[in-house]
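Q: Residue numbers (the numbering used here), protein chains in the order written: chain W, 1 to 247; chain F, 248 to 494.
These aren't lab readings, by the way, just hints derived from the structure by calculation. In this text the structure is predicted, and so the values were computed from the model without any measurement. Some hints could be false.
[Claimed, not checked] Facing chain W, according to a computed beta carbon distance under 8 Å, are these residues of chain F, among others:
hint, residue
1, 310
2, 312
3, 314
4, 326
5, 361
6, 376
7, 378
8, 384
9, 385
10, 389
11, 391
12, 392
13, 415
14, 419
15, 484
16, 492
[What the hints assert, rightly or not] Computed from the model, here is a short list of chain W residues facing chain F with C-beta under 7 Å:
hint, residue
17, 89
18, 90
19, 238
Where is the CB? At the ideal position from N, CA and C, for every residue including glycine.
Number of protein chains: 2
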Amino acid sequence: VVGLGPAGDEWRTPAASARLAEATDVVGYQRYVDAVGPPRPGQVRHPSDNRQEAARARQALDLAASGRDVAVVSSGDPGVFAMATAVVEERHRRPDPAWEGVDLEVIPGVTAASAAAARIGAPLGHDFCTISLSDVLKPWSVVERRLDAAAGADFVLALYNPTSSQRPWQLAQALEVIGRHRSEHTPVVVARAVGSDEEAVAVVTLGSLDPGTIDMRTVLVVGSSTTEAYDDGTGRRWAYTPRSYER
Amino acid sequence: VVGLGPAGDEWRTPAASARLAEATDVVGYQRYVDAVGPPRPGQVRHPSDNRQEAARARQALDLAASGRDVAVVSSGDPGVFAMATAVVEERHRRPDPAWEGVDLEVIPGVTAASAAAARIGAPLGHDFCTISLSDVLKPWSVVERRLDAAAGADFVLALYNPTSSQRPWQLAQALEVIGRHRSEHTPVVVARAVGSDEEAVAVVTLGSLDPGTIDMRTVLVVGSSTTEAYDDGTGRRWAYTPRSYER
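Chain W with its partners taken away, still in its complex shape (with noise of 0.2 Å):
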C-alpha cells in the first residue's frame, strides 16, 4: 500500500517511487492511478470507482496471492483515512485462505494537512486533532461529539473530507459547533489541491468562511485559541500555533 502524497511528484517519497516502479499491477481509484504517472512496459493498471475500498482491498489480495507485484495506491498518507485501513482490515475481518502467504508493507507518505500547514507556515506546530467530517462510515453525532471535545479541549482542527455534493450541510454544522469555543476571529486555513496545477490556499477567519466555496479536495485547518496569522510585508498571509501555550 502506498502513499503518493499530496498532488507532485516532488512530496513523493523514493520508498513509494520504488515501490511504484516495481509493481506488475497498480489498483486504487482512478484518480490516483492516474496521478501515478505513465506505466512501465507490461504493468497493468486496474481503476476503479471511488467507495470501493473493500473491495479493491479484496482484489489486490487476490492478486498479489496470485504472485503478482501489487501496489495499492492512495494520495497523501495512506494510513489516514485511506487504503492501508481497508487492506489490513479486509485481512483480518474476511480473510481468504489463498492470501496467507501475501507480503503487504505500507510506505507512509506526506498527508495533506501536513503539505496544507506547509503552505502557509505552521497551523500545526501545537496539538492537534485530524478529524473526516464524512458520516457516511460514523454516525453524524459521533462526529459532533469529537468536534465539541477537541475544540473544548483547544486542539487546532484538522479537518479532512469536509463536504461533498452528498453531504451539503455538515460543514455548516461543524462550524457551528467549533464556534461555540471559538472567537470569529480564529484563523481558519482553507487549503484546496495542494500541489497540483488548481492549488489555491488562504488563511481566512472563523467568522467570515462561507461553506458554499469548500469542495471536497479542500483540506481546512482551524486554529485554536492561540494560533497567530500575519501579513509578512508582501502581502502574503502566514499562520502559526506557538509551540508554548500561555493564556
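Given the structure of chain W, go ahead and fit chain F onto it with the hints provided.
A: For chain F alone, coordinates are given in the frame of chain W:
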C-alpha cells in the same frame, strides 16, 4: 525549513533533498544536521543543542538576510512540534527589519506518527489527536485536560515526546488519564526510532505498557475503542482502526 522525514533517506522527499543540495548553510539540532549526510563542498553546517529553537530560528533568518541560502532542518514534518513554528513565530513576534526581504518556504515531510503507523498497519485510519506530552512549553494541566477530552471522545491518540530524563513521571500519569476511558486491552503501538538502524516497533496493550521502557525517541499510538490487533499467522502482529465506526 526542510522536513527530513523519519530517519532514513528513502522517506525523504525529492523537494527536501533538492533544497538541501542547494543550501549554502544548514542550521539545526546536531542529530538532524548529521542526518542530512555529508555536506557538499562549500556548504556550512551550524549544529546546535536541543531547546535552542528560538535562537536557531533567528540565526537562520540572519544568515538568509545576509544573502545565504539557508536550510533549517527538522526530522519528520517540520510543522509538527518542530522548527517551522519557531521560524514563523520569531519573524512575527520579534522581527528584525533586516529580515524583510527573506523568502521563507516550508517543505513538509512524513511525520513520525505516519511512519510508525505504516510499520504496524493502519492505527491512524480513523479520527485521531496528536499530542506532545512535554510540559516544558505548556502546563501539565493542559496536557491532562486534552488527553481526557480526546480519550473521552474516543479518538485514537498519537503521543509525541512521551518522556525524557527531565520528565520522568508524566507518561505514567498520561496513561492513567487515558485509562479512565479505555479498556486495559486497548492496542498501543510503541514505535522507537522508526527508519533507523535502532528501529523497534511493537503492539502491546494499555494494561501491559511499562512507562519505564519508553524513551524520548519513541512515538506511541494508543487505540480507540474500535482499534483491533491481530497476528497474521507468521507471528507478526498488526493493528488498525476501522474506517467505519459502529458501536
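Q: For every hint, state whether the structure bears it out.
A: Okay, the hints, checked on the actual structure:
no.	hint	result
1	310	violated, 18 Å
2	312	violated, 13 Å
3	314	violated, 18 Å
4	326	holds, 4 Å
5	361	holds, 4 Å
6	376	holds, 4 Å
7	378	holds, 5 Å
8	384	holds, 4 Å
9	385	holds, 4 Å
10	389	holds, 6 Å
11	391	violated, 10 Å
12	392	holds, 6 Å
13	415	violated, 21 Å
14	419	violated, 20 Å
15	484	violated, 11 Å
16	492	holds, 4 Å
17	89	holds, 6 Å
18	90	violated, 10 Å
19	238	holds, 6 Å
When held up to the earlier numbered hints, the structure conflicts with 1, 2, 3, 11, 13, 14, 15, 18 and fits the remainder.
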